[in-house]
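Chains A and B supply the protein sequences, listed in that same order.
Sequential numbering from 9 applies to the first sequence in the working numbering.
Sequential numbering from 28 applies to the second sequence in the working numbering.
These are computed hints drawn from the structure, not numbers from a lab.
Treat the hints with caution; some may be incorrect.
[Stated by the list, open to error] Below are the DSBU-like pairs computed for lysine-lysine, each with C-alpha atoms no more than 35 Å apart in a straight line:
1. B:Lys-80 x B:Lys-40
2. A:Lys-65 x A:Lys-119
3. B:Lys-40 x B:Lys-84
4. A:Lys-64 x B:Lys-45
5. B:Lys-45 x A:Lys-107
6. B:Lys-40 x A:Lys-67
7. A:Lys-65 x A:Lys-115
8. B:Lys-82 x B:Lys-45
9. A:Lys-78 x B:Lys-45
10. A:Lys-67 x A:Lys-115
11. B:Lys-30 x A:Lys-65
12. A:Lys-65 x A:Lys-78
13. B:Lys-40 x A:Lys-107
14. B:Lys-40 x A:Lys-64
15. A:Lys-107 x B:Lys-80
16. B:Lys-40 x B:Lys-82
17. B:Lys-84 x B:Lys-45
18. B:Lys-30 x B:Lys-45
19. A:Lys-115 x B:Lys-82
20. B:Lys-98 x B:Lys-82
21. B:Lys-40 x A:Lys-78
22. B:Lys-97 x A:Lys-67
23. A:Lys-78 x B:Lys-82
24. B:Lys-40 x A:Lys-115
25. B:Lys-80 x B:Lys-97
26. A:Lys-115 x B:Lys-30
27. A:Lys-64 x B:Lys-30
28. B:Lys-98 x A:Lys-119
29. B:Lys-97 x B:Lys-45
30. A:Lys-78 x A:Lys-64
31. A:Lys-67 x A:Lys-119
32. B:Lys-30 x B:Lys-97
33. A:Lys-107 x B:Lys-98
34. A:Lys-67 x A:Lys-107
35. A:Lys-78 x B:Lys-30
36. B:Lys-82 x A:Lys-119
37. B:Lys-80 x A:Lys-119
38. B:Lys-82 x B:Lys-97
39. B:Lys-98 x A:Lys-64
40. A:Lys-115 x B:Lys-84
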Amino acid sequence: TQLLEQSPQFLSIQEGENLTVYCNSSSVFSSLQWYRQEPGEGPVLLVTVVTGGEVKKLKRLTFQFGDARKDSSLHITAAQPGDTGLYLCAGGVRHNFNKFYFGSGTKLNVKP
Amino acid sequence: DVKVTQSSRYLVKRTGEKVFLECVQDMDHENMFWYRQDPGLGLRLIYFSYDVKMKEKGDIPEGYSVSREKKERFSLILESASTNQTSMYLCASSSNHIQGSATGELFFGEGSRLTVL
């Protein structure tokens, strides 16, 4: 059983479209991280959110942590082929910041 | 440039063989991790270590062991490889010295793809 559920699992869109990826859980997390993994590489951290309701922006990417700290979303505006990759959310556990639970990932393909 | 280096990108082994996967980090990080990545399952934690000679089981430790004799090196050992251990293995490290209130960032290696025949 996956502690963090990501949706959708796959997404194929045209360049310029907007999209949202969701990361949901019934558990409360002390923090939520988003990583992007490109083929043949390890995941790379995009952002960490720690406060319920927090919104962070990274250029065309907007990340939100749910008020109850059980869910998060990643919104990409005007997607570009360079956004193609596997997006992973990871929930951090209170009192043990070394322990992260990863979602199953969203595979995004942005077509030119 | 900070780096986590995994010794082998691709390995093919036979059932029953002993397999060593090596990981080295050059960031003087205290914590090191081994994950396996399978399609549709995300990353699952096998073992982690928060100090030299210290280790803790993750969520799927069965069939694996680890060794951390030096701070920069964390090895994953499959004593007797089985076909269900065919997977992508990712090593990561993190620091205890966190800036602000954010939790530690994981720095990953490029992965080792293991096929067990």
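Against the structure, the hints:
The suggested pairing of Lys-80 (chain B) with Lys-40 (chain B) holds, with an alpha-carbon distance near 27 Å, which does not exceed 35 Å. For the proposed pair Lys-65 (chain A) and Lys-119 (chain A), the alpha carbon gap of about 23 Å is at most 35 Å, so the pair holds. Simply put, Lys-40 (chain B) and Lys-84 (chain B) have alpha-carbon atoms about 24 Å apart, close enough for the 35 Å limit, and the pair holds. Proximity of Lys-64 (chain A) to Lys-45 (chain B) is assessed by CA-CA distance (about 45 Å); at most 35 Å being required, the pair is judged violated.
At most 35 Å may separate the alpha-carbon atoms for a hinted pair to count; Lys-45 (chain B) and Lys-107 (chain A) meet this at roughly 28 Å. Of the pairs offered as hints, the one joining Lys-40 (chain B) and Lys-67 (chain A) is violated, with about 44 Å between alpha carbons and a cut-off of 35 Å exceeded. Between Lys-65 (chain A) and Lys-115 (chain A) the CA atoms are separated by roughly 21 Å; this keeps the pair inside 35 Å, and the hint holds. For the proposed pair Lys-82 (chain B) and Lys-45 (chain B), the alpha carbon gap of about 20 Å is at most 35 Å, so the pair holds.
In summary, the hint linking Lys-78 (chain A) to Lys-45 (chain B) is not supported, as the alpha carbons are separated by about 41 Å, beyond the 35 Å threshold. Among the hinted pairs, Lys-67 (chain A) with Lys-115 (chain A) is consistent with the structure: their alpha-carbon atoms are about 20 Å apart, no more than 35 Å. Our distance criterion of 35 Å between C-alpha atoms is met by Lys-30 (chain B) and Lys-65 (chain A), whose separation comes to about 26 Å. About 20 Å separates the Cα atoms of Lys-65 (chain A) and Lys-78 (chain A), which keeps this hinted pair within 35 Å; it holds.
Restraint check for Lys-40 (chain B) and Lys-107 (chain A): the C-alpha separation of about 30 Å stays at or below 35 Å, so the hint holds. For the hint linking Lys-40 (chain B) to Lys-64 (chain A), the alpha-carbon distance of about 44 Å lies beyond 35 Å, and the restraint is violated. Between Lys-107 (chain A) and Lys-80 (chain B) the CA atoms are separated by roughly 19 Å; this keeps the pair inside 35 Å, and the hint holds. Using a Cα cut-off of 35 Å, the hinted pair Lys-40 (chain B) and Lys-82 (chain B) holds, with the two alpha carbons roughly 26 Å apart.
The suggested pairing of Lys-84 (chain B) with Lys-45 (chain B) holds, with an alpha-carbon distance near 20 Å, which does not exceed 35 Å. Among the hinted pairs, Lys-30 (chain B) with Lys-45 (chain B) is consistent with the structure: their alpha-carbon atoms are about 27 Å apart, no more than 35 Å. For the hint linking Lys-115 (chain A) to Lys-82 (chain B), the alpha-carbon distance of about 32 Å falls within 35 Å, and the restraint holds. Only pairs whose Cα atoms come within 35 Å are accepted, and Lys-98 (chain B) paired with Lys-82 (chain B) is accepted, the gap being roughly 12 Å.
The hinted pair formed by Lys-40 (chain B) and Lys-78 (chain A) fails the criterion: a straight-line CA distance of about 41 Å is larger than 35 Å. A C-alpha spacing of about 40 Å is found between Lys-97 (chain B) and Lys-67 (chain A), which places the hinted pair above 35 Å, so the restraint is violated. With a C-alpha separation of about 29 Å, the suggested pairing of Lys-78 (chain A) with Lys-82 (chain B) holds against the 35 Å cut-off. Distance check on the hinted pair: Lys-40 (chain B) and Lys-115 (chain A) sit about 29 Å apart at the alpha-carbon level, within 35 Å; holds.
Taking the CA atoms of Lys-80 (chain B) and Lys-97 (chain B), the gap is near 8 Å; set against the 35 Å cutoff, the hint holds. Taking the CA atoms of Lys-115 (chain A) and Lys-30 (chain B), the gap is near 25 Å; set against the 35 Å cutoff, the hint holds. Pair hint Lys-64 (chain A) plus Lys-30 (chain B) holds up; C-alpha atoms about 26 Å apart against a cutoff of 35 Å. The hinted pair formed by Lys-98 (chain B) and Lys-119 (chain A) fails the criterion: a straight-line CA distance of about 43 Å is larger than 35 Å.
Between Lys-97 (chain B) and Lys-45 (chain B) the alpha-carbon distance is near 21 Å, which keeps this suggested pair within the 35 Å criterion. With a CA separation close to 17 Å, the supplied pair Lys-78 (chain A) and Lys-64 (chain A) stays within the 35 Å bound. As the CA atoms of Lys-67 (chain A) and Lys-119 (chain A) are separated by approximately 20 Å, the hinted pair is consistent with the 35 Å bound. For the given pair, Lys-30 (chain B) sits about 16 Å from Lys-97 (chain B) by alpha-carbon distance, which is consistent with the 35 Å threshold.
For the hint linking Lys-107 (chain A) to Lys-98 (chain B), the alpha-carbon distance of about 19 Å falls within 35 Å, and the restraint holds. Using a Cα cut-off of 35 Å, the hinted pair Lys-67 (chain A) and Lys-107 (chain A) holds, with the two alpha carbons roughly 28 Å apart. Annotation: proposed proximity of Lys-78 (chain A) to Lys-30 (chain B) holds, straight-line Cα distance about 32 Å (limit 35 Å). A C-alpha spacing of about 44 Å is found between Lys-82 (chain B) and Lys-119 (chain A), which places the hinted pair above 35 Å, so the restraint is violated.
For the hint pairing Lys-80 (chain B) with Lys-119 (chain A), the CA-to-CA distance comes to about 48 Å; that exceeds 35 Å, so the pair is violated. Among the hinted pairs, Lys-82 (chain B) with Lys-97 (chain B) is consistent with the structure: their alpha-carbon atoms are about 13 Å apart, no more than 35 Å. Between the alpha carbons of Lys-98 (chain B) and Lys-64 (chain A) the distance comes to roughly 34 Å, so the proposed pair stays at or under 35 Å and holds. Between Lys-115 (chain A) and Lys-84 (chain B) the CA atoms are separated by roughly 29 Å; this keeps the pair inside 35 Å, and the hint holds.
Checked against the numbered hints above, the structure breaks hints 4, 6, 9, 14, 21, 22, 28, 36 and 37 and satisfies the rest.
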